[in-house]
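Student: Each chain, written out:
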Amino acid sequence: MSRRFPLSGLAIATTTLLAAGQACAQPEQVALTMYYPVSVGGALTEVIDELVADFETEHPGISVEAIYAGNYDDTRVRAMSAIEANDAPQLSVLFSIDLYELLEQDAIVAFDEVIESDEEREWLDSFYPGLMENGQLDGQTYGIPFQRSTIVLYWNKDAFEAAGLDPETPPENWQEMAEMAATVREASGGEQWGVMVPSTGYPYWMFQAFAFQNGHRLMSEDGTEVYFDDPAAIEALEYWVSLSGEHQAMPDGTIEWGTLRQNFIEQSTAMMWHTTGNLTAVRNEADFDFGVAMLPMNTQRGSPTGGGNFYLFKGSSDEEQRAAVTFIRWMTGPERAAAWSIETGYMGVSPAAYETDALREYVETFPPAAVARDQLEHGTAELSTYQGGRVRRALDNAVQAALTGQMSPEEALNQAQAEADTALRRYARSR
Amino acid sequence: MQLYGALLLLPAAVLLATFAYLPTVATLINSLFVPGFRGQPAEFVGLENYALLINDATFWKVARNNLVYALGTIPASIVLALCMALFVNGRLPGRGLVRMAYFTPTILPMIAAANIWMFFYAPQIGLFNKLLGALGFSGINWLGDPGVALGSVIVMSVWKEAGFFMIFYLAALQGIAPELKEASDLEGTSRWSFFWRVTFPLLMPTTLFVLINALINAVRVVDHLFILTKGGPNNATNLLLYYVYENAFSFFDRTYAATITVVILLVLAVVATLKFAILDRRTHYQ
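If you read the sequences in order, they're chains E and B. Residue numbers are given in our numbering: position 218 of the first sequence equals residue 218, and the series is strictly consecutive. Residue numbers are given in our numbering: position 188 of the second sequence equals residue 188, and the series is strictly consecutive.
Worth flagging that the hints you see were computed from the coordinates, not collected in a lab. On a predicted model such as this, the values are computed, not experimentally measured, just so you know.
Which bits of chain E does chain B cover? Going by a derived footprint, with three or more residues having C-beta under 8 Å, they are: (1) 94–105; (2) 379–390.
Covered, in the sense of this in silico footprint (three residues per stretch, anywhere, with C-beta under 8 Å from a C-beta of chain E), are these stretches of chain B: (3) 117–123; (4) 137–145; (5) 223–230; (6) 243–250.
Just so it is clear, CB atoms sit at the ideal spot from N, CA and C, and this is done for glycine as well.
Kindly generate the complete structure, drawing on both the sequences and the hints.
Tutor: Right, here's the structure in full:
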């Protein structure tokens, strides 16, 4: 005992000294925690870690613990569980469409309540309006765009050439896509599929693109009503199903979101619909010539936006909230947005990002990088309603039931409409 | 003296109460409410959630899936585990290596294993379809076809579980006294009847233990569904605990999730009672 005592005394002394030293060196250290998802390929956690380290060097008074938490759903669960355990993060990157549910859970605060200067108000206006659509409600801004995407068409130029198609011309409309896809399938002797549209993970998202291209929006502005059983929506789903049945250009059954990129890279499909967030990963891995185009149109062009926004959580001190805004402003600034876009393929979230030297040069040497931005003009908000989880799940099930031949598109969408109506009944009443 | 006994029980009682009884009671109470709007307090609705549950077609589908899953995984993984244990218990070259190979799936985290299997199952580029293709068959969309998807999940679970159960059987086999084998050899007993009359009855406590574990695993499976299928296509692979998770965290409907949990607990309680009433009496402990 007597021999151990001086040691522990020393330890206490050292700790006290260290603590005192830290307190002196950084008098106003603010510690932030944030959760973020990764839903595409590539080593994005490293990119985030680098960005955070750069930020901490520039702002020694703020430390940020960035925690990778899986896909969008997992990240929401992590953040919500942390809140429940009274250990709420100050900020997080969550699904842009989680807005209604985060509000229902009373978990987030509007940026308008935290920002102070006119300069900051200008910052709120600096993003593409199309990307703000899912983050705003009743004139308040709750979500700041970060890893945002649209769906784009990736096509394999070598495969097009081998099938006797013009490798530089992607399909313009639904009919062309079906025909080109069938041509590739035939020319390869059944070795290669023509087109794949993923139907696990986010089937409602892909379906929304089809529906919008057919001139139809699936939900009301205020998130209390959906229109899944509209003839235009049914026609859209019929077209999707016909790609495998009638045109023999897409495999039967559902197509897995997580392995689709690998399918494309191994050239087992000539075209795929996927998030632009995969662009850099595809570029790094593909050993053939590929192109990226806007999605084909039917009555109009269109793709829903997608991806993640920054949110501010309730329950943190004013000081922490200010620090969180500083961090978010830094992360979404033009230079960082440009770097992030180059590293991943996600969109530069503001026009200013595309005016930076870095992104301008990148787009010049690699034009596909601008497709997602150009498509934004034809963009629509992602499906987002009250009871969003249930509503999206109902639509996911309908899409999958139709694609696997369990139900006709009409039956499936009627059922999804009925389920969504049940989930939304009290919101429809409260209007 | 009674106080002394109570004190001895205290640590276990505290742990049990904190992690088993309190949550159970809280779940039971939660299932009688519906969540409030925008941070409002929850509202008491009595048995309304249970009425919803009875009319919830998805719940019944999920329950049926889970039954199929249990019937598919439990016997298969136990039989496989026993066979593997008997195999690696004998004298064979490279025994340590074979044992390790059998046990490896158990050490892999579920999520990692599921990610590997997702690529095994992938149509076109996946291992299984490549093999089928080499044999001249056209491929199967293992996880994307509602008729096959649950079977695919079951196969992966059996692969994951059997190695784990093998360890228990192996330990039990090595605990069987060699004199029994010597004696039966003197009697000229065939290998089959030795296994059936001596080894298997002596393994009964292990089988019971493994059976309970397998049953628990069949109910608590949730992690590989995240990776493999997310319960799809169209709920074809949705299982009870995943449905609870979906309700609690995707739909933010904690009270309905609590309702389903209560029902699961009730069913498990019935199963446990049956087990004590029937199986335990037939089990021979050394």
